[in-house]
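Student: Sequences are here, hints too, so could you generate the full structure?
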Amino acid sequence: MRIKADTDVCIGAGMCVFTAGDVFDQDEDEGTVVVLLPEPPPDRHAAVRRALQVCPSGALSISEDE
Amino acid sequence: MTNAMHEPVTFPVTREHPLDPPQDFARWREDAPLRPMLFADGHVGWLATGYAVSRAVLADPRFSNDVQVTHPPIPQRIRQQTLAKFPGFFLREDPPEHTRFRRLLTGQFTVRRMRLLEPRIEKITNDRLDAMEREGAPVDLVQSFALPIPSLVICELLGVPYSDHDRFQRDSSALLNLDNSIERAREAMESLLDYVRGLVARKRDEPGDDLISGLIATGRLTDVEITGASVLMLVAGHETTANMLALGTYTLLRNPAQLAALRADPSLAESAVEELLRYLTIVHLGPVRTATEDVEIEGQTIRAGQSVTVSLSAANRDPGRFGDPDSLDITRQATGHLSFGHGIHQCLGQQLARIEMRIGYPALLARFPGLRLATPGEEVAMRSNMAIYGVHRLPVAW
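Protein sequence lines, in the order shown, are assigned to chains V and W. Residue 1 is where the first sequence starts when you use UniProt numbering, and the numbers rise one by one after that. Residue 1 is where the second sequence starts when you use UniProt numbering, and the numbers rise one by one after that.
Incorrect hints may appear among the rest.
Claimed, not checked - Beta-carbon label-pair distances, calculated as ranges:
no.: 1; chain 1: V; residue 1: Pro41; chain 2: W; residue 2: Ala40; range: 50 to 56 Å
no.: 2; chain 1: V; residue 1: Pro38; chain 2: W; residue 2: Pro61; range: 50 to 56 Å
no.: 3; chain 1: V; residue 1: Pro38; chain 2: W; residue 2: Val224; range: 40 to 46 Å
The set of hints was computed from the structure by calculation and includes no laboratory data. Predicted, not measured: the structure shown is a model, and the values here were computed from it. Glycine residues also receive a C-beta, built at the ideal position from the N, C-alpha and C atoms.
Tutor: Written out as structure tokens, the structure is:
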């Protein structure tokens with residue numbers, strides 16, 4: 001799994017950090033998403049999918065490994 | 001399915017049970033989660049009651065939240081809408097104006113920054129509990145606990161002197177009271193703007209370590225815009241969490257098994273907060289969006305210029321998203337509810353609100369093991385006439 005984040009779209013709601021704080025953080029100034037683990041380990045995949053689901057702005061996407 | 005199959009409904013406001021949304025929603029949601037609705041000004045638009053369709057509307061950039069193009073779902077809202085147009089009121093703006101404000105503020109409300117406030121929020125909470133003990137039972141939980149906590153916190157964050165709280169709490173409440181005349185509401189808004197305008201001017205001369213001073217220092221907003229945005233944050237920071245704390249406590253007291261579970265295991269606080277947010281959905285009358293072009297959704301065409309009222313209360317009780325939705329279950333995974341909205345306008349202060357509640361409920365229950373309603377539950381008056389649902393007063397004893 002690889003995470004992509006579009007900071008132009010992000011509104012800084014923080015739902016990704018709230019849901020998976022070890023994978024995501026927020027920029028200090030603009031509050032937009034910072035991806036700490038762009039290729040998260042398998043045991044975090046479910047949390048990442050939950051974060052995608054609750055993101056209000058659609059700033060996050062994932063590509064799955066083949 | 002065609003529109004002709006459904007006569008336009010009007011937005012229901014009468015609840016059969018104080019903690020449940022009006023029952024028509026459930027029937028309509030099952031039948032057609034997006035259906036024609038007659039708005040208060042005669043406009044025929046749409047009502048969204050399903051979870052998926054509500055999310056879709058709120059996240060779609062083809063819908064506008066500009067107050068000048070949205071129609072009022074209920075008569076009292078006509079007044080609300082005329083008041084919601086002033087510089088800096090970015091909630092009711094579209095991009096790129098909305099983006100300009102939101103970008104300047106999001107860094108101030110990050111999860112990390114909000115967590116840094118935890119010790120201070122704990123102190124404020126404990127001080128209020130001490131004051132309740134000194135006062136002695138019965139007390140009105142709204143005035144003694146639920147309102148002062150978020151009020152003190154938002155005042156500190158914005159740099160608003162709490163000693164002025166009588167004034168802006170009165171104005172804030174008058175603004176959100178749907179029974180008030182337009183003159184009274186306008187007067188309250190002018191009073192809030194006057195008050196904050198003076199504060200901004202003072203902070204321009206003598207900046208402090210607060211959000212309003214920080215906005216001034218960016219040099220990217222006019223004083224008029226900063227004043228508007230600050231009034232928005234001050235009002236939003238007051239009535240929302242206050243009603244969640246009071247109505248949430250009422251709800252727990254009326255659901256003894258859930259109350260006992262939270263009391264026995266305070267680590268349930270996080271999921272309990274999400275569930276209470278979902279179950280109660282205190283933003284109970286809107287929001288409204290207007291299509292800027294024809295939009296196909298749920299097999300329907302929403303024409304450009306048509307408004308959609310999204311019932312967050314109905315969406316949060318959608319059995320397709322939350323199993324057994326009408327039951328309060330503080331152990332469920334309720335995150336993903338729409339109580340803070342969805343899309344670009346999702347609540348800026350939501351992480352702050354979560355922390356205030358996550359600290360507030362367990363602290364209250366721990367301090368007063370015998371906490372109980374000091375008046376029969378059915379006699380507690382609900383805020384049906386307010387833009388934010390809740391209780392006007394909550395007499396408690398212990």
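Student: Indicate, hint by hint, whether the structure satisfies it.
Tutor: Okay, the hints, checked on the actual structure:
Hint check: proline 41 of chain V to alanine 40 of chain W, Cβ distance near 53 Å, so the stated range 50 to 56 Å holds. Taking 50 to 56 Å as the suggested C-beta distance range, the pair proline 38 of chain V and proline 61 of chain W does not conform, at roughly 26 Å. Range check, proline 38 of chain V to valine 224 of chain W: about 42 Å between beta-carbon atoms, so the 40 to 46 Å window is met.
Hint 2 from the earlier list is the only one contradicted by this structure; the remaining hints agree with it.
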